[in-house]
Each structure stands twice: as C-alpha cells, then as structure tokens.
Amino acid sequence: MDEARYLKNVWYVAGWSSELAPGDKVARTFLEQPVVLWRSSDGAVHALADRCIHRAMPLSAGPVDGNVIRCPYHGLEYGPDGKCVKIPAQDKVPSSARVRAYPIVERQGLIWIWMGEHDQAETASVPDYPIHDDPKYAWRSAHYPVNGNWQLLVDNLMDLSHLPYIHANTIGGNPELHFKTKTESEKLPNGVRVTRYMPDSVPPPTYVDAGGFTGRVDRWQEIEFEPVLIRIHTGACDAGTGAYEGLREHGFSMRGFHGITPETATTTHYFWSMATNKLNDGMPDEVFEQTARTFKEDQDVLELQQLRMSEDPTGTMIDIASDVGGRHTRQFIARRLREEATATIAA
Amino acid sequence: MDEARYLKNVWYVAGWSSELAPGDKVARTFLEQPVVLWRSSDGAVHALADRCIHRAMPLSAGPVDGNVIRCPYHGLEYGPDGKCVKIPAQDKVPSSARVRAYPIVERQGLIWIWMGEHDQAETASVPDYPIHDDPKYAWRSAHYPVNGNWQLLVDNLMDLSHLPYIHANTIGGNPELHFKTKTESEKLPNGVRVTRYMPDSVPPPTYVDAGGFTGRVDRWQEIEFEPVLIRIHTGACDAGTGAYEGLREHGFSMRGFHGITPETATTTHYFWSMATNKLNDGMPDEVFEQTARTFKEDQDVLELQQLRMSEDPTGTMIDIASDVGGRHTRQFIARRLREEATATIAA
Amino acid sequence: MDEARYLKNVWYVAGWSSELAPGDKVARTFLEQPVVLWRSSDGAVHALADRCIHRAMPLSAGPVDGNVIRCPYHGLEYGPDGKCVKIPAQDKVPSSARVRAYPIVERQGLIWIWMGEHDQAETASVPDYPIHDDPKYAWRSAHYPVNGNWQLLVDNLMDLSHLPYIHANTIGGNPELHFKTKTESEKLPNGVRVTRYMPDSVPPPTYVDAGGFTGRVDRWQEIEFEPVLIRIHTGACDAGTGAYEGLREHGFSMRGFHGITPETATTTHYFWSMATNKLNDGMPDEVFEQTARTFKEDQDVLELQQLRMSEDPTGTMIDIASDVGGRHTRQFIARRLREEATATIAA
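Chains as they are written, first to last, in the numbering used here: chain H, 1 to 347; chain L, 1001 to 1347; chain Y, 2001 to 2347.
Only chain H is shown next, with the shape it has when bound in the complex:
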C-alpha cells in the first residue's frame, strides 16, 4: 500500500454543520494541509489555508469577526475567498496577499471540502445523503480521530466479516451465521457495492425491540462505497413482504453514513452518523452509545494494524475469501489514483 497517496479531486467531509455556529472556527488538517474552517456572520462556511501570509501564524487561533477571520498575531484580516482585506498600519493591501481558499458545500447536515484542483470542483458532484433531511429518520453523528491510514478504514467497513470478532461484545453475533451468508460484490461506475441477504431468518433482539417483528424476517446488509464515503444500509422486513424487491418502507432500517477523510498518511478523520426509522422519539441514547462503542472498537483495531504496518511497511499481506468487497474497493481506488496521476502529468 502506498500510504502517502490520496484521491485529490473528490469531495471530502470536512465536518458537521452542527459543529460551527456563526463566528466559530475549527482547525483541521486534510491531506496533510492545515485548514481553518469558519462560519461567518452571514451563515456561510469557509475554508482557508491555516497559515497567515505574514509570519505563518495559524489563522485558526484568531477570531472570526463578521465576515472576516483575523490573524491573532498582527491583526491581518482575510475574507471568505482568502484575500487579505486589511493589514493594520498599512494603507494598501497588495493583491498578492492571499491564502488558498478551498471550495466548500454545505448540505444535509454535512460540510464538504474540495482539496483538489480548484477548477474541477463541481457542486453537482457532491455526494447525496437525503437520509439526514428525511423526517422518517432520527439520526446522530460523531467525529472520530483514527490513528490509521484512510484505506484501512475503508477495508474495515467494506468487509463486515470482522463483526463476530472485533464486535463480539457489541453487535457481533454468531460467526457461523455470518459465514453462511453469501456476500455479493458488484463494481459500480463510481464505486463498489457489497450485498448480503439473509432471507427468512430469525430477527436479532434489537430488531425485534425497535421493529416490532413477531415472526421471521428478510434481512439485508448493503454497503456502498464511493470516493470517499461509505453508506451502510442494514435492516429487515417481515419475510416475504418484498424487501428484496425494494419494498422496505414498512420495515426496520438502520442507515450508517461513514465519511472518511485522510488527515495524514497514518491518521484519518472518521465522520459517521447513524440513522434509524421507526423511532418516534428520536434516537435513544442506548442505540447511539452502542454504535459509538462499536466504532471505537474499530478505531482501536486500526491503530494496532497501523502500528505493525508502520514498523514494517513492506511486510507481505495475503487476501482471504471474505475480502472480495474490500479487494474490489482497493482496485477501484488504485485505478482512480493512477488516473489522477496520469491527468496531472498530462496537464
């Protein structure tokens, strides 16, 4: 694995809308570039290189003042487009005085950032996640720092065969049940989809509690990768009521959103949300906390994995049968990385 490579021309999750009220700012590193995210008084979110042009001071240490952010050291002020608009004690601001501004789109509770070439940023290509706006769903979100390369987190989520091992104490369940279930992996134009169906099966207790099932169910796990996020839809309907033909509105659904944004070659921002329908009073604390505990278990695993891989980056690794979805995703990512590299050379 070439850890130091990132997809550049994609929209990455930079944060949650709920993190930034007007006047707030936060420092984050994406793809090894320090960025300050801030929301101006007019409500818009902006992203600038987090380094003042004067003396390299992080702008994120300074205050947002109306529609500018001010360097805390000598008071230089920057607008949303990165242009310096004020240098104290100096009449003119040279036009070269600016920091890089990164395109930002905010929708469906998510703040998306474009770290690639500016002229290729198209708002239309921002990934869609209508669940966050759907009144039938209750959802909550979190931001986890992960001490591992971003592709390790992709691997983790594209291959749920780790559930009975890593998550034995949370959502794991019986290993045998997991391995009897056939896994289908399908290449998509812009990603990979992994599907596992468990027709006419006994519903797990959480499903019974939340979904009100009284008999056997048709269960599904659908995992869909596109660069660089993963949507996981799991759930069940009463057996034979059309779940596999797309009739699922009457069933119980859990929908996980997993935004995966590289911070450095060995650290990753993990922005996740969990949504479920059939919950009239919002998401109960216990469901959120169990999900949070589960993803914390993954976080610990990735850290240990990264440790060994950093100690010996050239150590061999072998694939096993359950890797099919992960392998397709690795292949997809490798191809996209090559395409970006070629495009850069041609340009």
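Certain hints may be false.
Unchecked claim - Ranges between beta-carbon positions, derived for each pair: (1) Y:Lys2296 with L:Val1208: 57 to 65 Å; (2) Y:Lys2296 with L:Lys1086: 25 to 33 Å; (3) L:Pro1094 with H:Thr29: 51 to 59 Å; (4) Y:Thr2264 with H:Asp24: 41 to 49 Å; (5) H:Gln290 with L:Glu1303: 38 to 46 Å; (6) L:Ala1343 with Y:Tyr2197: 56 to 64 Å.
Stated by the list, open to error - Just so you have them, the derived chain Y footprint on chain L, three or more residues with Cβ under 8 Å: (7) 1044–1054; (8) 1063–1077; (9) 1084–1090.
It should be emphasised that the hints constitute simulated quantities derived from the structure, not laboratory data.
We treat Cβ as the ideally placed atom computed from N, Cα and C, and that holds for glycine.
Starting from the structure of chain H, add chains L and Y where the hints point.
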C-alpha cells in the same frame, strides 16, 4: 529562515544568579550543547559539558562537593576548569581527562555564558544592565521555555504592533492608537533601536496608578536589540517636562530585560525581568503576574508559529509596514552570522 | 559502540513462567521483532511473530483458544508452529499461510527464546540456573524495561565499582572499602568472570541480620557473564572456614540472576531475580524491595547515559582502572558479533 544557525561569539544569558546557591547545579542545553551549570562552595558559578568522559553520564545528575562536581555513576570528579581531578581506584589521572569548560561571568543578577571560541571571550564585552543593581528600581525575573526558534522571539519583541491583538486582555490597548504612533527604527553599531513616542497623550490607568499623573503625559517606548538580548524601556513624564530630551528621572519607568538564548533550532530559553521605579515596597504581585501572563501569551503564539514553520519550512512569508524594526534586526543578525561563518573559514 | 547489533544465535530470556497461565498471552519485542508469547491449554509456551498474515493485525490482541491463538480482526487461527489452521469462510488454508515461530524452552521458572537461525537452536545449550529449583533458596523476580542499549546494562553489572555512588542510599557502602578490594577478571570459554574477595572483614549489617554472624567473615563477590545473562553470587562465611576453597553451604549467599534481552537498539528487557539461602519464611518484602529499589537506580542511570549517547553517538569515551571486567566483556561480545557476521557471510 535558516533555523539551525546561531550566533556563537556572543555572551548569552545562562541563568539567574538567584537560581544557584552554593552546591546547586542545573542542566541546560544551549546551542544544542548540553551544559551543567553549578556553583561551588567558594561561591563561583561554573559551566561544563554535561557528559562524563568515562561513560557519557550527565554530570548534572551528580552532586557538587566543595569545589568539584562528581559523576554519579563511578565517582569521577571535575574541577571548575573541566579537568578531571579524581578517578576512583586509579592512582593517576591522565591530563587528557577533561570536559569542555565554558567561560562564565556573573554580574547584575545574571549568569552569562560564552558558547563560542574560548580565546575570543572577553569579560569587558558582557552586556551591561545596571538597572538590576539600581536601588531606585524594584524587579523580578523568570525563565520561560519557548517552543520556537530564537529569532521568532526577537521578531516578537522588536515589533510591538502585536500588542493590541495578542495582548488584548492584558496590556494590549486600542489598535488604532498603536498604529497612529510613528515607529522609528535606527541601526546601531551593535544592534537596532526602535523608538515610538506618544507626546501629550492621556496616560493609561496603570501609569496613573503607579506614576501618580494628574494630567497629560509624554510617553515613550524604546526597544533596543543587541546580540542576543533586548532592553525595552517604556514610561511617561508629565507633558513638556523633558522626557524626549532625556530628563526622565521624575517620571514613571518600566524596564524589561529579555535575554534570548537558543536551546535548539526550535526551542529557546527566555530569561526576562521586569523593573519599575516609583515602587517603594518592591514590585507588587499583580504587576509581576500581569507581565508573566503577557509573556505567556507570546510563548503560546511562538509555539503555534513554529508548528506551522516546521510543517512547511519553505513556505513564503511577506513583510508588512510595521516590520521595519524586525526587518532591520533580521538584517543585522544575518550579517553577523555571515561574518562568523567567514571568520571560521579564514581561521 | 554499534548499538544496532545484537547477538542472534543465543538463548534469550523472554519472560518468567509465572507471567503466563494457560490461555494468557503477552506482546513483547525482542531484537526489534514483535513477538507474541502465549501458553496453550496443554500448558506449553509458544512464541510467534506478532503480525497476522492477512492484514498485519497483532495476534497478541486476540484470544488464546485451547491450542490456537486467534487474530482478533477476522478470526484467522494459528497453531504453536505458526501454521494458520483456520481462515473463516474459506474451505482451504494454503500451506504458505503461516507466521514465524520462535523456538521456546521453559525451565527453572524461565522462558527462553531463540531469535537466531532456527536450525541452530539446541535445547542443550539453554543456560542453567538451578538456584530457582533449589529448595534451600527463596527467590522473587521482576521485569524492568530499561531505556538504554543492552550493552550499557552489561557494563553496569560487570563493574560493581558504581555501588558506592549510584547506590549510596541502598546497598552502596563506603567507597574506600570498595576500592581497596582487588578485582580479578578472568576470560572464560563462553564468557567472563569477575571475582572480588574480602577476607577476614567486618560483615555488613544485612549479613549479620540474615546470616547470624558473630565475628569476622570471608566475603566474596563473583560475577559471571555468558551471552546474554549475568549471575552474581555474593555472600560470606565465618572467617577461615573454607569460603575461598568452595565450602560455602554453611554461609550466607545472595544470588542475583540478570537476564538481558535487547528490545531495540536503545531499549532492553531486564529480567532479574534475587535468591537467598538461610531464609526459612521465603524472601522478606524488605529485602526484595531494597533490591528492586537498587535496580531502579541503575535503570535511571542507564536512561540518562543513553540520552547523552543518542545525542552524540560518536562522542569519545575513555576506560578507567575499574573497567577491567567490563572491558573483557565488551571484547568478548565484539568477538562473538564478528563471528556471527562472518558465519552469515560464509553461509
């Protein structure tokens, strides 16, 4: 900025006299060289390379015993001149058994060290700071570790236009007032002087409290760099009573001493004292604590600045109008560094 | 000193038998190689490379299950010989699926590991330490992490002239007494022996308390190095009763075992035990605690020494008179390192 370069043939502050009673020692690194400072029973301060010739043990971990310092591992003893004077269980001590001794001068409450070529150390060239011995002044001192290159601290002190931003909650004051004040920067034979005068102005509350002013005042800020320390004299006299002609004895004076000693390329010893006249009962705790808090704010800024500069050492930086004093000082230092480099080659 | 070199074809202490009950495992790094030590349900101890062949996950994070250890991520199982015996959801396990297994011998309370070439591991060459099995002795053990190169710990133990300095507050005693005692160093076929005799001397208080002496004694200190452990036998008999002719059963004996296993170039596993005879009720807490405190003092010294040596690895070091035993040991180790290097080239 070439971080890894230091001025060698200058006297640096190594510590405060008050830090070392007879029999005390302290380990400090100056210009990347580990040094043990110790005071023998005869009252003199000495500085030796902090590494025993036998097995590299730091001498600073051992005791001072009369006029020797003893290695704590196998008991080798060293005199003030670095000569090993005792090797246990061995009759003769070879004359080659010695560690480097650094010239030390102690005066006016300060311990000065010479890290350069031994034969160029002249006691007469130790910087003078009579304020510490002047009974008209009360003063207190501190030693701050700064996680930043030494030149960042020089920049900070030579350009007080950061006061209204970094120190808004302590000594800052109104930004507009600061920028209306004309700054003069003057090159000296051995440094740079920056002067700011505020004639016939309203005195700030602290000045009124301490200086007893009832009307308008003539204020001054005088900042003087010589390698490698900065003296800052601020104060006020009743307007029109001769402050700008040098008649200041009747006024209120605050005198800051700022000894700046590189530890490594990215860390610096900051030895500062604050002295004021007109204080019959010594320096009040609140004045000292406000000063300490102010310099702590600078410490935090330099650390953030260094962080960004270490991440991207080649990132560009631009100068602004208020940098005139800092720029002169940078130029002075760059010239002295070149001169030292040339002298080394010629030697 | 070439820190990065280790003796490979020797038995190293990997741990204490008492550390691992059936089903337990522990992660340890030896000679820069991460290893998992585990005890299967049949009571045997095993050592495997601590990195799953699938995705580099440390096996030590997984459970021991009967006679296999299971990767906690995707459930691959490994037997004592390092062969993967199960890959979930996969019918066949390829024969290439295996991790390195290290030879292990467990005897006399010690777990020994062979980090060298597999076919040169001979059980007969495991160092003997019958004291641990001798009912006349009571003993207790510990495992100290030392932040220093392994040869620094060897130096420390082969030259006890540091006792009056480092251990002045514990077992130190009078420096003059130490230096009047003649030290003999003898080269052995597989190591070095240092001997110090103190005939007809006044016994120290601890000896009087534990040994019940009423008059003068014949004392001895015998330190024996073989790669890579040190046995230290100290004790006394009533004067003139044959201690120096080998008649010591009636006397008081303290026997230190010092297993020295490199972890990395700058860190070392220190496995030590202390045994004494003449103690009917086992080793008293105070004797063990004083010993532990003493070795903690050594640990601190080695860390400081390593710090200086890492800062300047090429700095010179000189030998002194009391280094004779340490110098012989250094020479022995250097020769063995050369022999191993030559054998590797010839092979």
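Each hint tested on the structure:
1. Remark: the range hint 57 to 65 Å for Lys2296 (chain Y) to Val1208 (chain L) is upheld by a beta-carbon distance near 59 Å.
2. Restraint check, Lys2296 (chain Y) to Lys1086 (chain L): a C-beta distance of roughly 27 Å satisfies the suggested window 25 to 33 Å.
3. In this structure the hint that Pro1094 (chain L) and Thr29 (chain H) lie 51 to 59 Å apart at CB holds, the actual value being about 55 Å.
4. With their beta carbons about 44 Å apart, Thr2264 (chain Y) and Asp24 (chain H) fall inside the hinted range of 41 to 49 Å.
5. Checking the proposed 38 to 46 Å range against Gln290 (chain H) and Glu1303 (chain L) shows it holds: the Cβ atoms sit about 40 Å from each other.
6. Restraint check, Ala1343 (chain L) to Tyr2197 (chain Y): a C-beta distance of roughly 60 Å satisfies the suggested window 56 to 64 Å.
7. With 4 residues bearing a CB less than 8 Å from a CB of chain Y, the stretch 1044–1054 of chain L meets the requirement of three and the coverage assertion stands.
8. Look at the stretch 1063–1077 of chain L against chain Y: 7 of its residues bring a Cβ nearer than 8 Å to a Cβ of that chain, three or more, so the hint holds.
9. Remark: the stretch 1084–1090 of chain L is confirmed as covered by chain Y, as 4 of its residues place a Cβ nearer than 8 Å to a Cβ of that chain, reaching the required three.
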